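A.B. asks: Chain by chain, the residues:
Protein chains: 2
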Amino acid sequence: MDSTIKKICEGDVRTASRLIRDIEDKRPDANTKIKKLYAHTGKSFIIGITGAPGAGKSTLTDALITEFRKLNKTVGVLAVDPTSPFSGGAILGDRIRMQRHAEDSGVFVRSLATRGALGGLSQAAGNAIHVMEAMGKDIIIVETVGIGQQEIDIINHAHSVVVVLVPGMGDEIQTMKAGLMEIADIFVINKANRAGAGQLQTELSTMLNLSPQTADGWKPPIVAVGDAFEPATFSENTAELAQTIEEHHLYLKQSGKLTERMHRKAMTEIKDALSSCLMEPLLHSLITSGELEKLSEKIKNRKSDPYTAAEEITEKFFQKRRGK
Amino acid sequence: MDSTIKKICEGDVRTASRLIRDIEDKRPDANTKIKKLYAHTGKSFIIGITGAPGAGKSTLTDALITEFRKLNKTVGVLAVDPTSPFSGGAILGDRIRMQRHAEDSGVFVRSLATRGALGGLSQAAGNAIHVMEAMGKDIIIVETVGIGQQEIDIINHAHSVVVVLVPGMGDEIQTMKAGLMEIADIFVINKANRAGAGQLQTELSTMLNLSPQTADGWKPPIVAVGDAFEPATFSENTAELAQTIEEHHLYLKQSGKLTERMHRKAMTEIKDALSSCLMEPLLHSLITSGELEKLSEKIKNRKSDPYTAAEEITEKFFQKRRGK
Chain Z
801 MDSTIKKICE GDVRTASRLI RDIEDKRPDA NTKIKKLYAH TGKSFIIGIT
851 GAPGAGKSTL TDALITEFRK LNKTVGVLAV DPTSPFSGGA ILGDRIRMQR
901 HAEDSGVFVR SLATRGALGG LSQAAGNAIH VMEAMGKDII IVETVGIGQQ
951 EIDIINHAHS VVVVLVPGMG DEIQTMKAGL MEIADIFVIN KANRAGAGQL
1001 QTELSTMLNL SPQTADGWKP PIVAVGDAFE PATFSENTAE LAQTIEEHHL
1051 YLKQSGKLTE RMHRKAMTEI KDALSSCLME PLLHSLITSG ELEKLSEKIK
1101 NRKSDPYTAA EEITEKFFQK RRGK
Chain G
801 MDSTIKKICE GDVRTASRLI RDIEDKRPDA NTKIKKLYAH TGKSFIIGIT
851 GAPGAGKSTL TDALITEFRK LNKTVGVLAV DPTSPFSGGA ILGDRIRMQR
901 HAEDSGVFVR SLATRGALGG LSQAAGNAIH VMEAMGKDII IVETVGIGQQ
951 EIDIINHAHS VVVVLVPGMG DEIQTMKAGL MEIADIFVIN KANRAGAGQL
1001 QTELSTMLNL SPQTADGWKP PIVAVGDAFE PATFSENTAE LAQTIEEHHL
1051 YLKQSGKLTE RMHRKAMTEI KDALSSCLME PLLHSLITSG ELEKLSEKIK
1101 NRKSDPYTAA EEITEKFFQK RRGK
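In order, the protein sequences belong to chains Z and G. Heads up: take any position in the first sequence, counting from 1, add 800, and you land on this note's numbering. Heads up: take any position in the second sequence, counting from 1, add 800, and you land on this note's numbering.
There could be a bad hint or two in this list.
The list makes no distinction among identical chains, and a pair is therefore deemed to hold if it is satisfied within one copy or across any two copies.
What the hints assert, rightly or not - DSS-like mimics (lysine-lysine), calculated; alpha carbons at most 30 Å apart, straight line:
no., residue 1, residue 2
1, Lys-835, Lys-1120
2, Lys-1094, Lys-826
3, Lys-1057, Lys-1103
4, Lys-1116, Lys-826
5, Lys-1019, Lys-873
Hints are computed from structural coordinates only; laboratory data are not their basis. This structure is a prediction, so every number in the text was calculated from the model and none was measured.
Looking at chain Z on its own, in the form it has when it is part of the complex (with noise of 0.2 Å):
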């Protein structure tokens, strides 16, 4: 066995810190890596957490680890940020509240931004869990920020998808509701003891005897968790959760269901895949070779337009395969 493959499954941390920034940083030898690495993964629960900025999704996530832990099951974090294109890992601070972990051996905490760009950070994400994944880790985290499609897309490698919400977070709140309603196995209304979490509790018991999913056999629960302020509540309400957690992973094991995600999970891993096969080095010569410039400034001066171009680099791109 490859040795780097070898100490990440030991459960080396520093192997398995260097590939993760490897696939970070895009660097051409990580996807080969993982192609070795996945054999060893798979056995991991996901579990993905999302919700608004400022929803208080690594407070709980934090609370999450000690729950896990007191049921001596390792733990693997990635929180995912994908507003840092510009500024590289603002999450850091999510980080340094996650430090009292840090002394565990059974925890291990990584965060993941987007560099670069062409995209792909949903891909990384995915790499990076296979890497805990592949640790050995019991259950594995995904934290990121549920808006677009491509977080949407992270919170997709997850087996069992809690939503947080909190109350009197403005009317475009009813916004990201609908968004999530379909992905979301479990909702926590966090910061319960504030103004407005009763009704909220109301509006989205109703949407979801509204939802179809229900007839599915698995109704998505609504934790309630009060401020982290009061450590007594805070605690047995993210007990709660933890339990809750545990019992969507039997339903999904019970009902045939696990095996359902797992199969989505990798349809979305190749099609991933294919875009670093295909669509990478066809962009990346084209930015080399300058081409790219010279038909965009054709285009920009309306000499030509995209989809022309487009067909016109497709066409180059066969006939130099074909002449291999």
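Add chain G to chain Z, keeping to what the hints say.
C.D. replies: Showing chain G alone in chain Z's frame:
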């Protein structure tokens, strides 16, 4: 000239709306139409408005329509809703808010949501903007929620980017500011009568003074806008915002930056078009042939991995093309 193209260039609302609907539905002939339309685009000034949910973007857009109409400019508005891949068009409420412009033939408002699993919302937004350009709108406002990479891709279709912030949105607003910092040309502090507005302004000024961006000749101004329920102040503030946007437009033209941005926009459009020329047909054939299904099953059982699968698919795809 194609009759659809002719009608759109004459400003026909029904034809334009139908094409935007076709773009949204990813109908294959929509791209062909955009190809023909392309020569008639590139003359409008495109403003992007972005910010967190609840920041008041729609109210501001509505006020800007009024201001630009006073200056006798025709306006197109595209509200892009990235949260609705599941619910389909949750942004409806915003369109209702803009109804007061419905009688004005100089204003054209449409919303856009993602449909289908293949993504491409940024490309759809770019094409919907082209339709409005061909209609001859002087100004096009693109409104979106400013979080993930996809939303940043959407906002990159704009020549001038307005980032809307509100005081007291919790500490993760820091993250947001960091992510949007580099794309902002103008900042709005909305609901500036609220507690914390002064602090937000100070923080923002400090960040702007530290930013290397200010070196290139344009230092993003900060416009404070009061509550919409105080009509006199609100309208004074939004008039100032419209004025600031006009100044930025002038700066872009005089400094040559407008050409630069149009060039960058063309590059994005080529990338988007390549994805629909190459990736989408490939994925489509994989899905309809059942091959994606079969490969996913193998990967789920760890009998293969996504990269090996992607390589096999790519190889087969080339062989098939060679055989043609």
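A.B. asks: Run every hint past the structure and note whether it holds.
C.D. replies: Each hint, compared with the structure:
1. For the identical chains of this complex, Lys-835 and Lys-1120 are neighbours both inside a copy (27 Å) and across copies (26 Å), given an alpha-carbon limit of 30 Å.
2. For a Cα distance limit of 30 Å, the shortest separation of Lys-1094 from Lys-826 qualifies both inside one copy, at 26 Å, and across copies, at 28 Å.
3. Taking identical chains as interchangeable, the C-alpha atoms of Lys-1057 and Lys-1103 lie at most 30 Å apart only when they sit on different chains, with a minimum of 20 Å there against 52 Å within one chain.
4. For the homomeric pair Lys-1116 and Lys-826, the shortest alpha-carbon distances inside one copy (26 Å) and between copies (26 Å) are both at most 30 Å.
5. Only within a single protomer do Lys-1019 and Lys-873 lie at most 30 Å apart by alpha-carbon distance; the minimum there is 26 Å, versus 51 Å between protomers.
Of the hints listed earlier, there is not a single one the structure fails to meet.
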